[in-house]
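Participant: Single-letter residue listing:
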Amino acid sequence: AQSVTQPDIHITVSEGASLELRCNYSYGATPYLFWYVQSPGQGLQLLLKYFSGDTLVQGIKGFEAEFKRSQSSFNLRKPSVHWSDAAEYFCAVGAGAQKLVFGQGTRLTINP
Amino acid sequence: NAGVTQTPKFQVLKTGQSMTLQCAQDMNHNSMYWYRQDPGMGLRLIYYSASEGTTDKGEVPNGYNVSRLNKREFSLRLESAAPSQTSVYFCASNLSLKINEQFFGPGTRLTVL
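First to last, the sequence lines map onto chains F and A. Just so you know, the first sequence maps onto residues 1 to 112 in our numbering. Just so you know, the second sequence maps onto residues 1 to 113 in our numbering.
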């Protein structure tokens with residue numbers, strides 16, 4: 001069965017520091033991979049997606065993610081975080097039959 | 001272009017009451033989904049509708065029913081609400097049948113007392 005693991009429940013970084021959020025997936029075929037962000041009290045907004053091709057994908061708000069098939073990972077990165085990046089981040093894998101399977105989420109706190 | 005809309009935004013029910021959560025999309029998407037979000041558990045799929053006229057169970061369908069009223073609208077019904085159904089409910093729709101990029105509504109926060 002498909003699954004997604006986000007090992008870090010909560011991460012705190014200082015404003016201006018770099019960020020990496022981890023995501024590992026389990027899926028038999030070539031995955032479609034997504035990162036979503038959820039601000040408090042809001043719905044989910046798509047940050048970026050990987051379908052095929054270049055393994056380094058660029059998204060909105062200065063985020064990028066790298067697909068590593070050998071490690072079954074799709075980690076999210078940002079070189080310098082801003083206070084407005086404080087939110088919850090979800091990794092998801094496209095699980096066939098048009099369904100998405102989500103990880104548990106990582107809550108990001110930014111220290112001023 | 002409003003995207004995916006959900007009503008109501010907030011609802012409080014007593015155990016045993018029924019209610020219907022409404023979802024509509026104006027992007028001409030074929031597929032629609034209902035998820036629930038609980039702390040530490042991410043989003044879990046309740047039901048989905050691959051196309052107008054079809055519905056299928058997801059991971060956690062017990063206690064829920066759905067109706068795909070037309071291409072735009074997909075409703076979720078709780079016939080007899082239980083405290084375990086206290087959650088935030090999200091509706092989503094699918095841009096592409098092949099790629100499965102989903103767009104989400106703002107959510108409905110439901111409390112069952």
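Honestly, I wouldn't trust all of these hints.
Said to hold, decoys possible - Restricting the straight-line Cα-Cα distance to at most 30 Å, the calculated cross-link-like pairs of lysine-lysine (DSSO-like) are:
| # | chain 1 | residue 1 | chain 2 | residue 2 |
| --- | --- | --- | --- | --- |
| 1 | A | 9 | A | 71 |
| 2 | F | 49 | A | 14 |
| 3 | A | 9 | F | 68 |
Unchecked claim - Beta-carbon label-pair distances, calculated as ranges:
| # | chain 1 | residue 1 | chain 2 | residue 2 | range |
| --- | --- | --- | --- | --- | --- |
| 4 | A | 28 | F | 14 | 41 to 51 Å |
| 5 | A | 40 | F | 1 | 25 to 35 Å |
| 6 | A | 79 | F | 80 | 24 to 34 Å |
| 7 | A | 40 | F | 84 | 18 to 28 Å |
| 8 | A | 5 | F | 80 | 29 to 39 Å |
| 9 | F | 41 | A | 18 | 19 to 29 Å |
| 10 | F | 80 | A | 80 | 45 to 55 Å |
Keep in mind the hints are simulated off the structure, nothing from the lab. Predicted model, so just to flag it, every value in this text is computed and none were measured. Even for Gly, the Cβ is constructed at its ideal location relative to N, Cα and C.
Participant: Determine for every hint whether it applies to the structure shown.
Facilitator: Hint-by-hint comparison with the structure:
Between the alpha carbons of residue 9 of chain A and residue 71 of chain A the distance comes to roughly 22 Å, so the proposed pair stays at or under 30 Å and holds. Among the hinted pairs, residue 49 of chain F with residue 14 of chain A is inconsistent with the structure: their alpha-carbon atoms are about 40 Å apart, more than 30 Å. Restraint check: the Cα-Cα separation between residue 9 of chain A and residue 68 of chain F comes to about 39 Å, which exceeds 30 Å; the hinted pair is violated. For the pair residue 28 of chain A and residue 14 of chain F, the supplied restraint of 41 to 51 Å holds, since their beta-carbon distance comes to about 44 Å.
Residue 40 of chain A and residue 1 of chain F have their C-beta atoms about 19 Å apart, which leaves the hinted 25 to 35 Å range violated. Between residue 79 of chain A and residue 80 of chain F, the C-beta spacing of about 50 Å breaks the proposed range 24 to 34 Å. Separation of residue 40 of chain A from residue 84 of chain F is about 24 Å and conforms to the stated range, judged on CB atoms against 18 to 28 Å. Distance hint check: the CB atoms of residue 5 of chain A and residue 80 of chain F are about 35 Å apart, consistent with the given range 29 to 39 Å.
Distance hint for residue 41 of chain F and residue 18 of chain A: a CB-CB separation of about 26 Å, consistent with the stated range 19 to 29 Å. Between residue 80 of chain F and residue 80 of chain A the beta carbons are some 51 Å apart, a value that agrees with the proposed interval 45 to 55 Å.
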